[in-house]
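Participant: So the protein lines, in turn, are chains A, B and C.
Residue 220 in my numbering sits at position 220 of the first sequence, and the numbers go up by one each step.
Residue 287 in my numbering sits at position 287 of the second sequence, and the numbers go up by one each step.
Residue 224 in my numbering sits at position 224 of the third sequence, and the numbers go up by one each step.
Treat the hints as calculated values from the structure; they're not laboratory data.
Just so it is clear, CB atoms sit at the ideal spot from N, CA and C, and this is done for glycine as well.
Be aware that one or more of the hints could be misleading.
[As the list claims (entries may be wrong)] Which chain A residues face chain B? A few, computed with CB under 10 angstroms, are given here:
id, residue
1, LYS23
2, ASP24
3, ARG28
4, PHE30
5, PRO55
6, PHE89
7, HIS93
8, ASP121
9, ARG147
10, ALA149
11, ASN151
12, LEU227
13, HIS231
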Amino acid sequence: MPKKISVPLLALLLLMLPGCGFKDIDKRFFVVAIGVDQGERAPFKVSFKLAIPSPRTEPGEAKYQVISQEGSSIANAVRLMKSKVDKEFDFGHTTVIVIGKSFADHRELGRSLDWFFRRRDIQEIAFMAIGEPDALSIIQTKPKSERLAGNALMLPFTNEGTESPYIVKTYLFDYYRRWHEHGRDAFLPIVSSRSETFVINRAAIFSSNLKKLELTAKETGIFNQFLKTRHRFLILAALDGKQISFNAKVRSLRFKLVDSANKPEIRYRISINVESEDTEAPVFHQSWDELEKTVEEEFRNQALQLLNRLRDNGVDPLGFGLRYRASRHGGESDFAEWQKIYPKVTFKVNVNAHFTGTGIIE
Amino acid sequence: MMQPSSDPLLQSDDFVRETLDNGRFQIEIWYYSTLCDPDLIRKEIAHPFLLSDSPETFEKVLCSALTGVRITDTVHLSEEMLQGNTIIRLQGADYKLKTPKPGNTKLMQASTETTLQGPQTALSEDADTSLMLVRRRYPQQDLISEQMNLGSKSRTKAYLLYDKNKANPRILEEFRRKLKAIDAEVVFTVGQVEALITDTQLRWFPTMIVTERPDRCVLNLSQGKIVLIVDGTPFVLIAPAVFQDFLSAMDDIFLPSLITKALVMLRYIGILITTTLPALYVAVTSYNPEVIRVQFALSLAGSRAAVPYPTFFEVIFMLFLIEALIEASLRLPRYIGSTATTVGGLILGQAAQQAGLVSSVMIIVTSAVAISNFLIPINIMSFAFRVIKYPLILLATLFGIVGVVAGLIAVCFYLANQNSFGLTYFRVFIGEPAVSGYKEGDTK
Amino acid sequence: MSRYFYYFYTVGLLINTIFFVPRILLSERYDGSVMAVFAGILFGSVSAFLFTKAMMRFPGEGIPEIFERNFPKIIRIPLLIGLAMMWTIAGSIILVAFSSISIRFLSPETNPAFMLMFYCAFGCYAASFRPSTVLNMAELIILLNLPFVAFIMYKLISSPYFEWDSIQVLADYVFRIPSLTSFAAATYPFTGYISLALYNRLYEKTRVGHLWILPTIGTAVMLVSYFVPIGLLGIDSVDHYIYTWITAVDTLRMKFGFIDRALYLFLFMYIGLSLIFIAISWNVGSVLVRDAFGFKPVTILKVKVPSQVMINAGFAIATFLFGVNSSDKSLIEFVSGWLNTRLAAEILLVIIVIWLSRREVKHA
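The whole structure should be built from the sequences, with the hints applied where relevant.
Facilitator: Spelled out as structure tokens, the structure:
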């Protein structure tokens with residue numbers, strides 16, 4: 001019986017062969033990064049960084065091609081770009097989406113980036129960033145050490161490579177939910193290019209898809225500590241006129257909304273572990289309590305400065321509004337209420353530092 | 001009884017018909033000189049005959065000898081002689097005496113199924129010697145051996161061995177019935193017996209173990225399985241067998257249990273690699289390069305850049321070469337075999353890659369496939385697994401990864417639907433008694 | 001052997017909490033679906049419990065035999081066919097849905113009809129085996145996949161992007177009356193216990209024990225299925241996604257995994273789970289149809305074809321035709337409608353079986 005059936009079945013399968021979506025890896029162009037800029041003649045200027053595969057990969061030998069195209073929409077620009085290359089675009093490995101600074105400054109980012117949210121082959125875990133001065137120049141930057149095209153731009157975000165406290169990261173899905181969720185605002189890292197390398201140390205904060213605020217590098221470092229994706233960071237404090245650098249790690253960070261009718265408060269409780277890393281005077285025999293106090297004071301000040309700045313600019317990337325919605329039981333009216341409260345909020349930050357050691361010398 | 005010229009017996013030059021006379025009476029002896037041991041005939045027949053003073057005394061001597069029997073049924077005389085018997089005609093009565101020439105009883109090293117520190121000898125090509133080897137290791141009176149002759153022409157001697165207390169009577173009965181129903185002229189190997197007693201025509205996975213190891217026989221006997229020894233081959237057939245049995249090596253018994261577990265796991269991983277890796281290669285390179293990391297995707301694309309043909313040609317080409325190599329090294333004399341492997345494996349692979357016929361990743365895939373295939377301890381099983389990868393490659397070509405996974409599951413369905421003498425062939429918890437506590441998935 | 005019962009139950013839970021159910025529930029998250037989830041868990045567990053207890057009064061018997069003793073042909077056949085259709089449609093929906101997911105996420109260039117045909121052919125092949133084969137395969141696939149699925153779930157919940165605040169927002173909306181559709185959707189994942197209607201035949205000697213497992217896994221899987229997408233995709237945007245769970249899993253990057261996007265690992269697991277679910281549901285469906293009419297093997301071209309194969313081929317063709325003509329939109333609309341019908345049918349079946357088991361006890 002199987003013989004009788006299998007012969008026509010096999011024939012049928014072979015007939016289908018041309019109908020299948022077979023496309024070899026070497027006939028695809030991997031788009032490793034996409035840049036979106038303000039076009040000169042059309043609203044969008046889309047740039048692709050296309051990785052050129054080579055059998056041997058060596059540092060600095062990353063081969064790539066950058067193409068850009070203006071178009072009335074992203075999809076339109078991509079269609080037009082297809083005629084510029086010999087292989088099929090593959091967005092499966094698109095890990096970084098760079099948005100030009102001027103685009104981010106002047107346009108809303110939600111609907112205009114709809115293409116990215118809608119495409120099934122753009123991964124939800126692509127990183128979004130703002131490029132300075134524009135997306136194209138970020139995409140074109142070629143760091144010396146880069147082994148594979150796009151790696152140098154991607155690795156800082158994935159934490160597989162460097163782990164810097166100044167790099168905030170935003171996944172595509174994270175941006176989308178922050179855009180839609182009432183009570184939490186989106187933020188994006190800012191990447192700027194310095195001839196042969198990138199600097200990623202600032203962040204921009206958005207509210208309803210419009211850029212509202214740009215944080216300095218120092219603020220970004222503190223801001224990162226308020227996110228769950230934080231890394232070790234550095235606190236510079238002075239004790240008796242001597243500067244001490246503390247390597248700090250946040251152990252826990254919690255906040256509570258306390259709203260008495262006219263004095264709404266957000267209370268932070270932060271505990272950090274610190275270790276002295278670089279001191280101008282030996283610290284081992286000093287009172288560790290005092291060291292801890294100094295650090296606490298310093299960190300509290302920086303945190304308060306940041307929180308107040310966020311509040312004064314009317315942005316809420318840390319999700320206070322969402323917490324308000326979660327902890328109050330007014331249903332749909334919660335958020336409107338919160339919007340009235342937020343400008344009046346005062347912050348209280350309670351830092352508890354634990355000094356763990358002075359390194360391997362006193 | 002025998003007509004001089006027409007009887008086929010007399011046409012054989014090795015057929016001996018002698019009349020002995022000791023001065024008092026005469027006997028006639030018939031035998032095949034090539035099948036019988038002349039020393040034995042001399043010792044057991046000629047010598048007592050010389051000393052006997054009357055036919056009655058000789059008859060007594062004859063019948064008191066170990067295997068002397070008077071036969072009444074003269075029709076099967078020639079058959080008796082072909083079994084190595086000598087026929088003695090004394091005063092019109094026929095007697096037979098077993099005088100077989102010893103066969104190839106030399107014990108050989110186990111060669112197809114070796115262990116590191118286990119018993120090193122294999123079973124013998126001589127059925128009796130094999131039986132001896134098994135009995136020595138399993139000295140139980142419950143170990144029953146039933147002799148039978150297989151094949152209408154070859155009448156190959158075979159022993160059905162089982163432990164009376166442990167073997168499942170239903171399976172035993174079924175096995176006997178199937179053996180009796182064998183309808184073939186000649187039977188020489190156990191593999192052939194297996195084919196003859198399996199109902200379905202399309203056989204893919206072995207449902208009985210073929211082994212040359214006496215220790216495996218004994219282990220399986222003690223687990224209530226049935227062993228068939230066939231004369232002329234050092235291999236025996238063990239039934240019933242389930243999938244897990246084919247993945248157990250005899251080393252598993254004497255190695256520490258953790259190592260055994262790890263080794264068994266290694267074999268399963270080996271199976272997975274040998275069956276799916278080529279198909280996954282096709283699926284990943286041609287449908288879903290986004291599955292793997294971007295770094296790997298790029299080097300894969302780079303290594304394939306020089307290859308002008310679609311991946312499935314590349315895969316089929318390389319796999320054909322490796323299969324040909326394996327077959328060639330099997331058939332070639334041992335000394336040339338290693339040369340062939342070197343030439344094929346090292347030089348061809350390297351050259352094929354440089355010629356832009358295959359990618360370097362494909363070379364790795366091919367060698368991984370070939371090597372992990374050899375992890376399977378029982379040969380027939382590893383052959384069975386060599387076949388699976390081709391349908392999977394076809395499915396991968398048509399449907400990508402979905403095809404590979406679905407194809408693998410389809411194969412598992414097929415396996416799970418098999419049975420060996422009523423035992424479910426393939427399932428996770430096998431629930432069989434394990435004497436040495438070695439078996440994977442044993443829950444007790 | 002009673003572990004097999006739980007495999008089916010688990011497959012049903014794992015499959016249905018991924019495909020349509022979360023989407024239907026999440027679209028009504030502000031309109032009472034939280035309550036629906038809890039009510040569904042309660043209802044599902046209780047009816048699973050009652051049904052299992054009732055079936056245990058008929059050791060070694062499936063529904064066809066039980067009905068044969070109690071009902072005349074005119075009632076029996078429509079009931080059995082209805083039950084069979086319930087199963088078959090459950091499988092077919094998953095088949096069509098997963099085929100479209102495969103097209104979208106795994107091989108976008110493949111012709112959808114071709115892919116659908118492949119799935120249908122597989123379903124026909126796998127569902128035509130003996131129930132015991134399907135049982136063993138279910139065990140294999142569950143045991144292979146469950147650790148990975150559990151791992152992914154764990155990684156999702158422990159992800160730094162998982163936001164408990166988003167989930168807590170729902171606290172305001174718990175006490176709202178759910179719609180019938182969302183209630184029906186919330187009870188659906190539990191439906192795996194109905195497989196006992198047929199596979200009870202195989203549990204002649206053993207009884208289904210450890211019934212506490214039913215609500216335990218049920219609750220865990222339902223809660224994860226409902227709340228994890230909210231925590232990851234945001235309370236206000238979770239209903240924007242068509243393939244809610246697939247997108248939710250795509251939010252996970254496995255830094256040290258061989259495959260760095262958890263989505264693909266998840267999809268591979270779910271190819272297996274979907275296929276086994278299709279095999280089980282069509283297997284039950286085809287055996288029920290066969291036993292309802294007492295079909296005998298058919299001889300085609302001198303080859304004896306078991307009637308089960310013919311029935312499954314029928315299912316496959318019907319599913320193919322249905323699948324080719326459906327879209328993402330029409331499918332979810334069909335499912336919403338179908339879920340309500342199914343809830344009614346399931347309640348009816350449970351009541352009949354309980355009633356019959358009571359009668360059995362009285363007679364005995």
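Participant: Would you mind marking each hint as holding or not holding in the structure?
Facilitator: For each hint, the structure was consulted:
Interface hint at LYS23/A: satisfied, since its Cβ lies 6 angstroms from the closest Cβ of chain B, which is below the 10 angstroms cut-off. Against a cut-off of 10 angstroms between C-beta atoms, the interface hint on ASP24/A holds, since the closest Cβ of chain B lies about 5 angstroms away. Contact between ARG28/A and chain B, as hinted, is supported at the beta carbon level, the nearest pair being about 7 angstroms apart and thus within 10 angstroms. Interface restraint check: PHE30/A against chain B, minimum CB-CB distance 6 angstroms, threshold 10 angstroms, status holds.
Hint status for PRO55/A relative to chain B: holds, with the closest Cβ pair at about 4 angstroms, below 10 angstroms. The restraint placing PHE89/A at the interface with chain B is violated, with a minimum CB-CB distance near 12 angstroms, outside the 10 angstroms limit. Hint status for HIS93/A: holds, given a least beta-carbon distance of 4 angstroms to chain B, under 10 angstroms. With a cut of 10 angstroms, the hint placing ASP121/A at the interface with chain B holds, because the nearest CB-to-CB distance is about 7 angstroms.
The interface hint given for ARG147/A holds, since its Cβ lies 8 angstroms from the closest Cβ of chain B, which is under the 10 angstroms cut-off. A cut of 10 angstroms between beta carbons decides the hint on ALA149/A: the least distance to chain B is about 7 angstroms, and the hint holds. At about 7 angstroms, the closest approach between the beta carbon of ASN151/A and any beta carbon in chain B falls short of 10 angstroms, and the interface hint on this residue holds. With 10 angstroms as the threshold, the beta carbon of LEU227/A stays out of range of chain B, its nearest partner Cβ sitting at about 25 angstroms, so the hint is violated.
This hint is violated: HIS231/A has a C-beta 22 angstroms from the nearest C-beta of chain B, more than the 10 angstroms allowed.
Going down the numbered hints, you'll see the structure goes against 6, 12 and 13, while the others check out.
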